[in-house]
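Number of protein chains: 2
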Amino acid sequence: MKRREFVGGLAVAAGVAACSKADPEQKTVAAQAGETFEWSCVTSWPPKFPGLGMAVENLAERLERASAGRLKIKVYGGGELVPPFEVFDAVSRGAVEMGHDASYYHRGKVDAAQFFTAIPFGMNYMELNAWIHYGGGLELWRELYEPFNLMPFLCGNTGVQMGGWFNKQINSIDDIKGLKMRIPGLGGEVLRRAGGTPIILPGSEIFTSLQTGAIDATEWVGPYNDVSFGLHKAATYYYYPGWQETGPGLECIINREAWDSLPADLQALVEITCQSITLDMAAEYSHGNANSLQQLMADPNIDIRPFPAEVLQHLKIIAREIVEEMAANDPAAAKISKPYYEYLEKMEANTRISEQAYLETRTS
Amino acid sequence: MKRREFVGGLAVAAGVAACSKADPEQKTVAAQAGETFEWSCVTSWPPKFPGLGMAVENLAERLERASAGRLKIKVYGGGELVPPFEVFDAVSRGAVEMGHDASYYHRGKVDAAQFFTAIPFGMNYMELNAWIHYGGGLELWRELYEPFNLMPFLCGNTGVQMGGWFNKQINSIDDIKGLKMRIPGLGGEVLRRAGGTPIILPGSEIFTSLQTGAIDATEWVGPYNDVSFGLHKAATYYYYPGWQETGPGLECIINREAWDSLPADLQALVEITCQSITLDMAAEYSHGNANSLQQLMADPNIDIRPFPAEVLQHLKIIAREIVEEMAANDPAAAKISKPYYEYLEKMEANTRISEQAYLETRTS
Chain Y
14 MKRREFVGGL AVAAGVAACS KADPEQKTVA AQAGETFEWS CVTSWPPKFP
64 GLGMAVENLA ERLERASAGR LKIKVYGGGE LVPPFEVFDA VSRGAVEMGH
114 DASYYHRGKV DAAQFFTAIP FGMNYMELNA WIHYGGGLEL WRELYEPFNL
164 MPFLCGNTGV QMGGWFNKQI NSIDDIKGLK MRIPGLGGEV LRRAGGTPII
214 LPGSEIFTSL QTGAIDATEW VGPYNDVSFG LHKAATYYYY PGWQETGPGL
264 ECIINREAWD SLPADLQALV EITCQSITLD MAAEYSHGNA NSLQQLMADP
314 NIDIRPFPAE VLQHLKIIAR EIVEEMAAND PAAAKISKPY YEYLEKMEAN
364 TRISEQAYLE TRTS
Chain G
14 MKRREFVGGL AVAAGVAACS KADPEQKTVA AQAGETFEWS CVTSWPPKFP
64 GLGMAVENLA ERLERASAGR LKIKVYGGGE LVPPFEVFDA VSRGAVEMGH
114 DASYYHRGKV DAAQFFTAIP FGMNYMELNA WIHYGGGLEL WRELYEPFNL
164 MPFLCGNTGV QMGGWFNKQI NSIDDIKGLK MRIPGLGGEV LRRAGGTPII
214 LPGSEIFTSL QTGAIDATEW VGPYNDVSFG LHKAATYYYY PGWQETGPGL
264 ECIINREAWD SLPADLQALV EITCQSITLD MAAEYSHGNA NSLQQLMADP
314 NIDIRPFPAE VLQHLKIIAR EIVEEMAAND PAAAKISKPY YEYLEKMEAN
364 TRISEQAYLE TRTS
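Here the protein sequences line up with chains Y and G, keeping their order. If you count by our numbering, then the first sequence holds residues 14 to 377, one letter each, in order. If you count by our numbering, then the second sequence holds residues 14 to 377, one letter each, in order.
Simulated from the structure, these hints should not be mistaken for laboratory data. Be aware that a few hints might be false.
Heads up, the list lumps identical chains together, so a pair's fine if it works in one copy or across two of them.
What the hints assert, rightly or not - Straight-line Cα separation of at most 20 Å, EDC-like style, residue types lysine to aspartate or glutamate; simulated pairs: (1) Lys359 / Glu51; (2) Lys246 / Glu218; (3) Lys85 / Glu99; (4) Lys61 / Glu361; (5) Lys359 / Asp312; (6) Lys359 / Asp316; (7) Lys359 / Asp187; (8) Lys87 / Glu51; (9) Lys348 / Asp124; (10) Lys85 / Glu284; (11) Lys348 / Asp188; (12) Lys329 / Glu361; (13) Lys122 / Asp187; (14) Lys85 / Glu70.
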């Protein structure tokens, strides 16, 4: 503490010039002297999209306000500066300093990254937070991204999503056979192995495809985002729960050289603010989902219903097989898969007698 | 943004002297110039107590680090500067700048404050976060504390607690009758009306009272804290879920004049950091509870079991009656009770088809 007091006093007295590549002590001096960092942040979201897009706007606003303008982030919507799925590459090569997206978009390039967003039938919001911040998850994530010159931070979570909008009833696993459903990633792989046809569509084409019958079903996020997309006007059955994304975490990624150029206080501010955004975004989704669900429950044309338990159990077994195969083919995935599932198993026992047991008293 | 750039530049050039009562523009200048605030924070917790006490240590550490030492908080354990339950008064009268405790400790003085920690059978962690940050809860809280010269911030959450340690089985509501249980607050009132005898004991006396049979049962927090207290060595039955505290929020309270003296950037930092602590503390509890539960599950002398559903339903009805009576007798409680329960009802519908439905697929 003595050193910091001294450095602080020095800065006040001398107004020392900024020095972004300074040693730690000089960095603190730079911080005090008000060096300004102006960064660009590319994202995978439509600008200011409810939830996903607002989280990164809030991140930028908070960083600027709490740094008194010393860290300014200009946020770009998906496609404004780079395409939505090229955020990882753009930040990795240093074209921009920061990105906000979901790590499972890097499937095919860094398969193991999917554990840090969502694995079908995986961790929920609370369990992912515990794993990342206390269970060793963040250390594995940083090691995975190190070769790409990136520092990852957990920054947002939608909470448990919905199973999606269907124009066909799912009464047994046979009803999955031949089902044309817009569902990306590992969830799509699970659907394929269950006999369905996963289809990849950009967000802008989902509504029309569902309305015209080009697809039978689509998952998107949950009531908050789904209603704003109008999906309730193109399908009848709204299935729950969202087994494919059970508390997906978003990521803020920072180019390593940009990160290293920040003084220690701004580095701390970024870490703290990302964590605050994870809470805040989940709160926004809970609030927005509850409001939109009220609207849907009052709509006589919408049938909100659970997947049959045997369908979920069947999909869960397939999901685990697919993840095990991924781990068998990729040492990086194997290194994360084992601790992930061990941690999940330990957390499940605790969640069962705490959160789950309490929620069940409300419906019994 | 232009104004901030100008002010930032001015600060660097001139190293303007600190001025804690300045207007907003001068405040930003002060911020840049590195004025240091040294605050005291009194708490209700034993120093560095796992979870509750670590959260406020983490708060202080983060604020100092992210402010480059401009906001230093010295944390005092309960009783070190003021008694554990006099935190509210000490901060209110300005004896210290900050406090960390639970708002339901102010029962008797500000009954309505209990809504912001926990009401029996009330909101869970996610629902409380949504209500406080998006549902109007924070505005009600600030209005309630305004006459006490205090600014409240949600700052921590243990998650759903356990029902407690019992040396008698609870097989029906009749088993509550005559039960001597250490359980404070509204939970204690519920127990009394169900025929039990609630007993108030400081933490230091719980273990011996349970071991000697002076009490039949005690609630404390959850596996993480309970095991470190040794409660598993003094009782056989460990009941779940903790109906009395279903996601209790902790509070950081700041004396109004101290708050007003902070420049805008440090005010923002406090708000952001408190929100980060709410996530971080819940993550610490999830992690610690899961580890301690493993230990308890491996202990042949411990019987971990659920309360019978009919007991919980009975207690839930009593709890609602007690809160309704509190609201009938106290206009401040009435003003918060109505929106609280309306929000809870709306959230329950959403939680049921998202978080609860997903968790049930894991145990079906």
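Outcome of the hint check:
1. Neither within a single protomer nor between protomers do Lys359 and Glu51 lie at most 20 Å apart by alpha-carbon distance, with minima of 43 Å and 42 Å respectively.
2. Taking identical chains as interchangeable, the C-alpha atoms of Lys246 and Glu218 lie at most 20 Å apart only when both belong to the same chain, with a minimum of 14 Å there against 61 Å between chains.
3. In this assembly of identical chains, Lys85 and Glu99 lie within 20 Å of each other by CA distance neither inside one copy nor across copies; the values are 22 Å within and 41 Å between.
4. In this assembly of identical chains, Lys61 and Glu361 lie within 20 Å of each other by CA distance neither inside one copy nor across copies; the values are 35 Å within and 28 Å between.
5. Within a single copy, Lys359 and Asp312 get their C-alpha atoms only as close as 40 Å, which misses the 20 Å cut-off; across copies the closest is 16 Å, which meets it.
6. Taking CA atoms no more than 20 Å apart as the test, Lys359 paired with Asp316 passes between copies only; the shortest distance there is 18 Å, against 36 Å inside one copy.
7. In this assembly of identical chains, the alpha carbons of Lys359 and Asp187 never lie at most 20 Å apart, being 33 Å within a copy and 35 Å across copies at closest.
8. Taking the shortest Cα distances, Lys87 and Glu51 sit within 20 Å of each other inside one copy (8 Å), while across copies they are farther apart (34 Å).
9. Taking the shortest Cα distances, Lys348 and Asp124 sit within 20 Å of each other inside one copy (12 Å), while across copies they are farther apart (52 Å).
10. When the C-alpha separation of Lys85 and Glu284 is checked against a cutoff of 20 Å, the pair qualifies both within a copy, at 15 Å, and between copies, at 19 Å.
11. Taking the shortest Cα distances, Lys348 and Asp188 never come within 20 Å of each other, neither inside one copy (36 Å) nor across copies (50 Å).
12. For the identical chains of this complex, Lys329 and Glu361 are intra-copy neighbours only, at 15 Å inside a copy versus 26 Å across copies, given an alpha-carbon limit of 20 Å.
13. Taking the shortest Cα distances, Lys122 and Asp187 never come within 20 Å of each other, neither inside one copy (33 Å) nor across copies (62 Å).
14. With identical chains, the CA atoms of Lys85 and Glu70 are at most 20 Å apart within one copy only, with a shortest distance of 11 Å there and 29 Å across copies.
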